[in-house]
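Colleague: Going line by line, the protein sequences match chains A and B. Sequential numbering of the first sequence, starting at 502, is according to my numbering. Sequential numbering of the second sequence, starting at 502, is according to my numbering.
Keep in mind the hints are simulated off the structure, nothing from the lab.
Derived coverage of chain B by chain A (criterion: at least 3 residues anywhere in the stretch with Cβ under 8 Å from a Cβ of chain A; other residues may be distant): (1) 520 to 527; (2) 541 to 548; (3) 567 to 573; (4) 586 to 599.
Here are the simulated DMTMM-like cross-link-like pairs (lysine to aspartate or glutamate), alpha carbons at most 20 Å apart as the crow flies: (5) A:513 - B:549; (6) A:524 - A:509; (7) A:524 - B:597; (8) A:524 - B:592; (9) A:628 - A:640; (10) B:513 - A:549; (11) B:524 - A:597; (12) A:577 - A:640; (13) A:513 - B:567; (14) B:524 - B:509; (15) A:628 - A:588; (16) A:513 - A:549; (17) B:513 - B:535; (18) B:524 - A:588; (19) A:524 - B:588; (20) A:513 - A:535; (21) B:513 - A:566; (22) B:628 - B:588; (23) B:628 - B:666; (24) B:577 - B:636; (25) B:628 - B:660; (26) B:524 - A:592; (27) A:513 - B:553; (28) A:513 - B:566; (29) A:513 - B:597; (30) B:524 - B:510; (31) B:513 - A:553; (32) B:513 - A:567.
As the structure is a computational prediction, the values presented were derived from the model and not from experiment. All C-beta atoms in this analysis are idealised placements derived from N, C-alpha and C, irrespective of residue type, glycine included.
Protein chains: 2
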Amino acid sequence: MRFSPLLDELIKSLQVLPGVGPKSAQRMAFAMLERQRSGGRRLAHVLDQALEHIGHCRQCRTFTEERVCGLCTNPKRAVSGQLCIVESPADVVAIEQTGQYQGRYFVLMGHLSPLDGVGPEELGLDKLADLLATEAYQEVILATNPTVEGEATAYYIADIARSQDVNVSRIAHGVPIGGELELVDGNTLTHSFMGRKVFSEQ
Amino acid sequence: MRFSPLLDELIKSLQVLPGVGPKSAQRMAFAMLERQRSGGRRLAHVLDQALEHIGHCRQCRTFTEERVCGLCTNPKRAVSGQLCIVESPADVVAIEQTGQYQGRYFVLMGHLSPLDGVGPEELGLDKLADLLATEAYQEVILATNPTVEGEATAYYIADIARSQDVNVSRIAHGVPIGGELELVDGNTLTHSFMGRKVFSEQ
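Using the sequences and the hints given, assemble the complete structure.
Modeller: Rendered as structure tokens:
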């Protein structure tokens, strides 16, 4: 079935969205044309604006259309003296949703991956070194993903932090809360044994 | 977690897409900002153009940016003298994919639903009557959905077609091919019994 050229183009363009294949793209195109013309126009406008103006925070590298993002300008966030290193802005969202962390972030926008041409410079690690040298952070919390690349990146950053005499910690890896031991993979279980702590009564 | 205003706006705007909630919208926004900036801009442009220019075919009412759509201008489609009535452009796609039907279509863009203010006029049934009166169709095939509203719409259109002395048929409803009888609902099974045909050897 051939659609009209413009409709065909719209269905193809919608497939840049992650998780959207030809079938969903077609459904989206029809839904917008049928019921959401004004919402669709608003989306076209905002999308254009966002891609034009949203860049990276000068300090933590997360996405923002401002020079420095809201978390970095908030003075309350400096009190704890903690800096949490994550791979992506989505990780910041996940951590913020726990409400447990009150420090600042540094977003790598990826992980070390020499084969893909992603080295320390692409992750802004020179900027991170400057940040640790100029601001008085007490602790760097490494929250990169527990993958091979994430671990390598964590090791690399730990070296940078130690050279600046900043304490380095890594978030705990082990059996997820609510998970069942028999369903957890061996690697995770090994980590949870190695990371065991003295059992306290409280 | 508060995003920057523009990013927040983008995540909200993406939720006009069907099946996209806050979580997927966030993932889409990040993915486009990280990896698909040019694809995203193209989408913004095409979306704007499509919503500006795509309207309805003057003859069959399907979506097209042309005055009359490709199916209606194709003379081969007139040979069979058949006109298939469907509820939406997506139904045209589904039928075209079977490759079995060679006639023309008429797209209602909905079904009769008086409570929602959708009457014969909103479905272009006056236009359909004109079409049947002026062009020599031999058969009207009713392919509205087998729902209460779809059936009511089919009955209404059958009356129009009969008043113009055009044969009317309804697509068969019954057990889907590859389906199992024990899993089919009673209503469908009733239909498949009522619609039974003399068993032929071929």
